[in-house]
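Student: Sequence:
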Amino acid sequence: MIKIVEEMKKRTDSLKNEITAIYYAYQNPKIRLLPKVMIIIALGYALSPIDLIPDFIPILGYLDDLIIIPVLITFSIKLIPEEIMAESRKKARQEPVQLKKNWFFAILFILTWIILIIVFLCAAAGLFIE
Numbered sequence: 007m008i009k010i011v012e013e014m015k016k017r018t019d020s021l022k023n024e025i026t027a028i029y030y031a032y033q034n035p036k037i038r039l040l041p042k043v044m045i046i047i048a049l050g051y052a053l054s055p056i057d058l059i060p061d062f063i064p065i066l067g068y069l070d071d072l073i074i075i076p077v078l079i080t081f082s083i084k085l086i087p088e089e090i091m092a093e094s095r096k097k098a099r100q101e102p103v104q105l106k107k108n109w110f111f112a113i114l115f116i117l118t119w120i121i122l123i124i125v126f127l128c129a130a131a132g133l134f135i136e
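Numbering of the sequence shown is given in our numbering, commencing with residue 7 and proceeding in unit increments.
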């Protein structure tokens, strides 16, 4: 049991480092548009206080944290040139990012999710069809 906890802690630390690394890669002026868009999606989802599948749903609630976030980060990394990613990983180890609580972005995330849910429900109800 202790080995499992230690392994999960290693993976979590690695994931945190990769999130920081793609953040630094995003800031690199050599990064093209597609990787930047993928990084924005990955970071936005990873840092969003609202999950696609709410955590209170047994088992499935944590599935997005265990699968979706690593997949988004992996896709982002695959789109970033190797030399930029290596440089970004080095910077991430040397200068870890400390996120501050920012209520503006929390409210922005919540409003974005509310709008997406409303659009989805309206589309499902056929309100956009004239």
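Careful: at least some of the hints might be erroneous.
[Stated by the list, open to error] Ranges of calculated distance between the beta carbons of each label pair, as one might list FRET restraints:
| # | residue 1 | residue 2 | range |
| --- | --- | --- | --- |
| 1 | Y68 | K107 | 16 to 26 Å |
| 2 | I123 | D19 | 25 to 35 Å |
| 3 | I59 | T80 | 11 to 21 Å |
| 4 | V125 | G67 | 19 to 29 Å |
| 5 | E12 | L127 | 40 to 50 Å |
| 6 | V125 | D19 | 21 to 31 Å |
| 7 | D19 | W109 | 24 to 34 Å |
| 8 | C128 | N23 | 32 to 42 Å |
| 9 | A130 | R99 | 37 to 47 Å |
| 10 | F62 | Q104 | 21 to 31 Å |
[To be verified] Computed cross-link-like contacts, DSS-like style, restricted to lysine-lysine with a CA-CA straight-line distance of at most 30 Å:
| # | residue 1 | residue 2 |
| --- | --- | --- |
| 11 | K15 | K96 |
| 12 | K107 | K16 |
| 13 | K96 | K9 |
| 14 | K97 | K107 |
| 15 | K15 | K97 |
| 16 | K42 | K97 |
| 17 | K84 | K15 |
| 18 | K22 | K96 |
| 19 | K84 | K96 |
| 20 | K97 | K36 |
| 21 | K16 | K97 |
| 22 | K16 | K96 |
| 23 | K42 | K9 |
| 24 | K84 | K42 |
| 25 | K22 | K97 |
| 26 | K15 | K42 |
| 27 | K22 | K84 |
| 28 | K96 | K36 |
| 29 | K36 | K84 |
| 30 | K36 | K9 |
| 31 | K42 | K107 |
| 32 | K84 | K16 |
| 33 | K84 | K97 |
| 34 | K15 | K107 |
| 35 | K22 | K107 |
| 36 | K96 | K42 |
| 37 | K9 | K22 |
| 38 | K36 | K22 |
Hints listed in this document are in silico derivations from the structure and should not be mistaken for laboratory results.
C-beta: ideal position from N, C-alpha, C; glycine also.
Student: Evaluate each hint against the coordinates.
Tutor: To see whether the hints hold, each was checked on the structure:
Checked against the given bound of 16 to 26 Å, the beta carbons of Y68 and K107, roughly 23 Å apart, stay inside it. Separated by about 33 Å at the C-beta atoms, I123 and D19 satisfy the suggested range of 25 to 35 Å. Distance hint for I59 and T80: a CB-CB separation of about 19 Å, consistent with the stated range 11 to 21 Å. About 23 Å separates the C-beta atoms of V125 and G67, a value consistent with the hinted range of 19 to 29 Å.
Our hint of 40 to 50 Å for E12 and L127 holds, since their Cβ atoms are close to 44 Å apart. Checking the proposed 21 to 31 Å range against V125 and D19 shows it is violated: the Cβ atoms sit about 37 Å from each other. Our hint of 24 to 34 Å for D19 and W109 holds, since their Cβ atoms are close to 28 Å apart. The beta-carbon spacing between C128 and N23, approximately 41 Å, falls within the hinted interval of 32 to 42 Å.
Look at A130 against R99: about 46 Å separates their beta carbons, and that is inside 37 to 47 Å. Range check, F62 to Q104: about 28 Å between beta-carbon atoms, so the 21 to 31 Å window is met. Restraint check: the Cα-Cα separation between K15 and K96 comes to about 20 Å, which is no more than 30 Å; the hinted pair holds. Between K107 and K16, the direct Cα distance comes to roughly 25 Å. Compliance with the 30 Å bound is thereby established for this hinted pair.
With a CA separation close to 28 Å, the supplied pair K96 and K9 stays within the 30 Å bound. A threshold of 30 Å between alpha carbons decides the hint, and for K97 with K107 the separation of about 23 Å falls inside it, so the pair holds. Between K15 and K97 the alpha-carbon distance is near 21 Å, which keeps this suggested pair within the 30 Å criterion. Taking the CA atoms of K42 and K97, the gap is near 18 Å; set against the 30 Å cutoff, the hint holds.
Simply put, K84 and K15 have alpha-carbon atoms about 24 Å apart, close enough for the 30 Å limit, and the pair holds. Between K22 and K96 the alpha-carbon distance is near 13 Å, which keeps this suggested pair within the 30 Å criterion. A hinted pair counts as satisfied when its Cα atoms are at most 30 Å apart, and K84 with K96 qualifies at roughly 17 Å. Between K97 and K36, the direct Cα distance comes to roughly 16 Å. Compliance with the 30 Å bound is thereby established for this hinted pair.
For the hint linking K16 to K97, the alpha-carbon distance of about 19 Å falls within 30 Å, and the restraint holds. For the hint linking K16 to K96, the alpha-carbon distance of about 18 Å falls within 30 Å, and the restraint holds. The straight-line distance between the Cα atoms of K42 and K9 is roughly 36 Å, outside the 30 Å bound, and the hint therefore fails. At roughly 12 Å between alpha-carbon atoms, K84 and K42 fall within 30 Å of each other, so this suggested pair holds.
With a C-alpha separation of about 13 Å, the suggested pairing of K22 with K97 holds against the 30 Å cut-off. At most 30 Å may separate the alpha-carbon atoms for a hinted pair to count; K15 and K42 meet this at roughly 28 Å. Of the supplied pair hints, the one linking K22 and K84 holds, its CA atoms being roughly 17 Å apart against a limit of 30 Å. Taking the CA atoms of K96 and K36, the gap is near 17 Å; set against the 30 Å cutoff, the hint holds.
Using a Cα cut-off of 30 Å, the hinted pair K36 and K84 holds, with the two alpha carbons roughly 15 Å apart. Taking the CA atoms of K36 and K9, the gap is about 41 Å. The hint is violated against a cut of 30 Å. Distance check on the hinted pair: K42 and K107 sit about 24 Å apart at the alpha-carbon level, within 30 Å; holds. In summary, the hint linking K84 to K16 is supported, as the alpha carbons are separated by about 21 Å, within the 30 Å threshold.
A distance of roughly 18 Å separates the Cα atoms of K84 and K97; the hinted pair therefore holds under the 30 Å criterion. For the proposed pair K15 and K107, the alpha carbon gap of about 24 Å is at most 30 Å, so the pair holds. Annotation: proposed proximity of K22 to K107 holds, straight-line Cα distance about 17 Å (limit 30 Å). Simply put, K96 and K42 have alpha-carbon atoms about 19 Å apart, close enough for the 30 Å limit, and the pair holds.
A C-alpha spacing of about 20 Å is found between K9 and K22, which places the hinted pair at or below 30 Å, so the restraint holds. Simply put, K36 and K22 have alpha-carbon atoms about 23 Å apart, close enough for the 30 Å limit, and the pair holds.
In summary, the numbered hints that this structure violates are 6, 23 and 30.
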